[in-house]
Amino acid sequence: MIITGLFHKMKKISKKDELDLYYSILRIRRIEEKIAKEYINWKIRCPVHLSIGQEAIGAPLKKLFKSYKDEVVSGHRAHSHYLGKGGDLKKFVCELYGKKNGSSGGKAGSMHLTDKKSGFILSSAIVGNSIPIGVGLAYSKRIKKEKGIVLIFFGDAAVETGVFFESLNFAILKKLQVIFICENNFYSVYSNMKYRQPQNRKISEMVKGIGIKTIKSNGNDPIKVFETYCKAKDYVKRFKKPIFLEFETFRHYEHCGFLKDDHLNYRKKSEIDYWLKNDCLRKLHTKVNKKKLIFFEKKINKEIETAFNIAKKSNFPRNSENKKKLYA
Amino acid sequence: MPKKRIITFAEAINEGLRFSLLKNKNLLCFGLGVGDPKEVFGTTKNLQKQFGNQRVFDIPTSENAMTGIAIGCAINRCPVIMTHQRLDFSLLAFDQIVNNAAKIFYMFNGQFTVPITLRLIVGKGWGQGPTHAQSLQSLFAHIPGLKVVMPSNPNDAKKMLIQSIEDPNPVIYIEHRWLHDQKGHIEKSFNSKKIGKANLLMKGNDITIVSNSFMTTEALIAAKILRSNGIYADLIDLCSIKPLDEKAILKSVKKTRRLIVLDDGHDFLSIASEIISIVTIKQFDTLKISPKKITMPNFPVPTGYSLTKNFYPGHKDVIKYCQNIFDKNIKYDNFSNKNFHDVPHIRFKGPF
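The listed protein sequences derive, respectively, from chains B and D. Per the working numbering, the first sequence starts with residue 1, numbered consecutively. Per the working numbering, the second sequence starts with residue 329, numbered consecutively.
Some hints could be false.
Unchecked claim - If we take Cβ atoms under 7 angstroms as the criterion, some of the chain B residues that face chain D in the derived model are:
#: 1; residue: A108
#: 2; residue: M111
#: 3; residue: I133
#: 4; residue: V135
#: 5; residue: V163
#: 6; residue: N322
#: 7; residue: K323
#: 8; residue: L326
#: 9; residue: Y327
#: 10; residue: A328
As the list claims (entries may be wrong) - Derived lysine-lysine pairs resembling DSS-like cross-links, with alpha carbons at most 30 angstroms apart:
#: 11; chain 1: B; residue 1: K145; chain 2: D; residue 2: K525
#: 12; chain 1: D; residue 1: K366; chain 2: D; residue 2: K353
#: 13; chain 1: D; residue 1: K525; chain 2: B; residue 2: K117
#: 14; chain 1: B; residue 1: K144; chain 2: D; residue 2: K522
#: 15; chain 1: D; residue 1: K366; chain 2: B; residue 2: K325
Don't read these hints as lab results, they were simulated from the structure. All of these numbers come straight from a predicted model, not from anything done at the bench. The beta carbon of each residue, even a glycine, is placed where N, CA and C say it ideally should be.
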């Protein structure tokens, strides 16, 4: 790892951290796969934007930003951030099923997640529109003298919105303790970056121009992602300034839904092959022995089965609930 | 008994802001011009000096993000009062207002409240034109989750501003630029009641006049002229557009059996249309004649001095209608500014 002058020299990631990281990625992967598997029964009746392929970016959140005072906001593809930050699995699955004990009583679904106790504040589904909310949270922390930093997740399309630059400008102006995280998977639905941004543009380079420290890293390399977060956290705390991270990554499934959509040929086969070969789970495989792996799989499977069984058995909210809680 | 104080509408807003900023040390007040030398027509006068630039501040010209930032602060219990010097500018923030502010309490099943107040100032006259003079209360009132208020006098301006700030929901606070210099009595203290009650400004059995904001000035002029001609009107000043005090309107129409609604929104889908629809659906049989809407035409406000002459409807339209339905010749002096139609009073000079 290259350590630049701005950053403290950091210790190498420990064996335990590596295992925890692997577990967290595997857990998110299996949960997402279970959602995909169950979707065909048409009982999950809301759009889902699965994080499969991009889990390395959400996975270390709980470990590195453990306190609920470190707060996360995200966009439509938020499962891995929610689960990675320690959002409650049962409430999450119940919410997908539209059940009364879901995280928002069935009113929100996959695209609008929340679990305040874990520090996952909210996700919303209009590209870019939760970014200023995260900046506002950071500003309110200053007013109330609260601890913690704010992590704001969004995709490559969000950097094409005006609100992104407006929010960034304010965070820089007020020196807010925010980590902006761009998960660049190169596609806005089916539209490749080349149709949306000039060919030779690098997002992190462009963003740097507005006056913020940026780091670009391979989002599919869990160790690199982990170390980048460590650097970012250290930078934000020491310099009391925001930072911008760009993680390049790739989604395995369709933009929205439970299937793969490579037959539509909007992504080149060579591109797909490259990313599958560099899948974040694969990268860590060699670090985990077979015995441990079996143990992990078993433990995760049990947790998932319990959550899905609860969700399936739970009651729907009463119909009269739908007009409640309109005004406080 | 202590003497009643008389202050302007702008001073009343300034007092309401100061009162609220003193009361809640987490309350923030920001917007373009909040800390500049003119201090939003005097409404934010000396606030930055008193409360510091962390709580009261000028912002980047980023209406959309700043509204989102307000929402982020608000869900962490730092209520925000944000100002737009023209309502038209707030349209840049429609995504945040509609998709976040109005939805968050409902969508997350009550786990967050969004106590933000957006002060939107409506321009009129001196060539404000198509993009600086829109009164779009219908647009905001259409969205479930938002509250919309439109005070018409200094006392209500202060009272309702405090109510709006203390309300746990997003409130659109629409203030008319021509009201800023109007003077009025101000109560010594306010009991912070909830938003949603209309004021009965005048009592009468002959006709119900419903109005809001600056249209209430026009309605008051009309109602006084009518009274001197022997026609007595119930004059209902709505104060709050949403929630709407339906009860007050229905009760009054039951008595007078005639209804005029003044609203400075465009005619189509206006607040006036909604009120008339409510009355006709709920108590059609109480109406003696068709209700009347006095609203803005369905095209933008032009800029040029000559084009705006006779553009804005007002008290004359109320009188014309009453002359007709009561079959009576109504005599009155011309109340409006005889020299110029595009300023609120003779001392007023542009550009604002």
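Against the structure, the hints:
| no. | hint | result |
| --- | --- | --- |
| 1 | A108 | 5 angstroms, holds |
| 2 | M111 | 10 angstroms, violated |
| 3 | I133 | 4 angstroms, holds |
| 4 | V135 | 5 angstroms, holds |
| 5 | V163 | 5 angstroms, holds |
| 6 | N322 | 9 angstroms, violated |
| 7 | K323 | 9 angstroms, violated |
| 8 | L326 | 5 angstroms, holds |
| 9 | Y327 | 5 angstroms, holds |
| 10 | A328 | 4 angstroms, holds |
| 11 | B:K145 <-> D:K525 | 38 angstroms, violated |
| 12 | D:K366 <-> D:K353 | 25 angstroms, holds |
| 13 | D:K525 <-> B:K117 | 38 angstroms, violated |
| 14 | B:K144 <-> D:K522 | 27 angstroms, holds |
| 15 | D:K366 <-> B:K325 | 40 angstroms, violated |
Of the numbered hints listed earlier, those contradicted by the structure are 2, 6, 7, 11, 13, 15.
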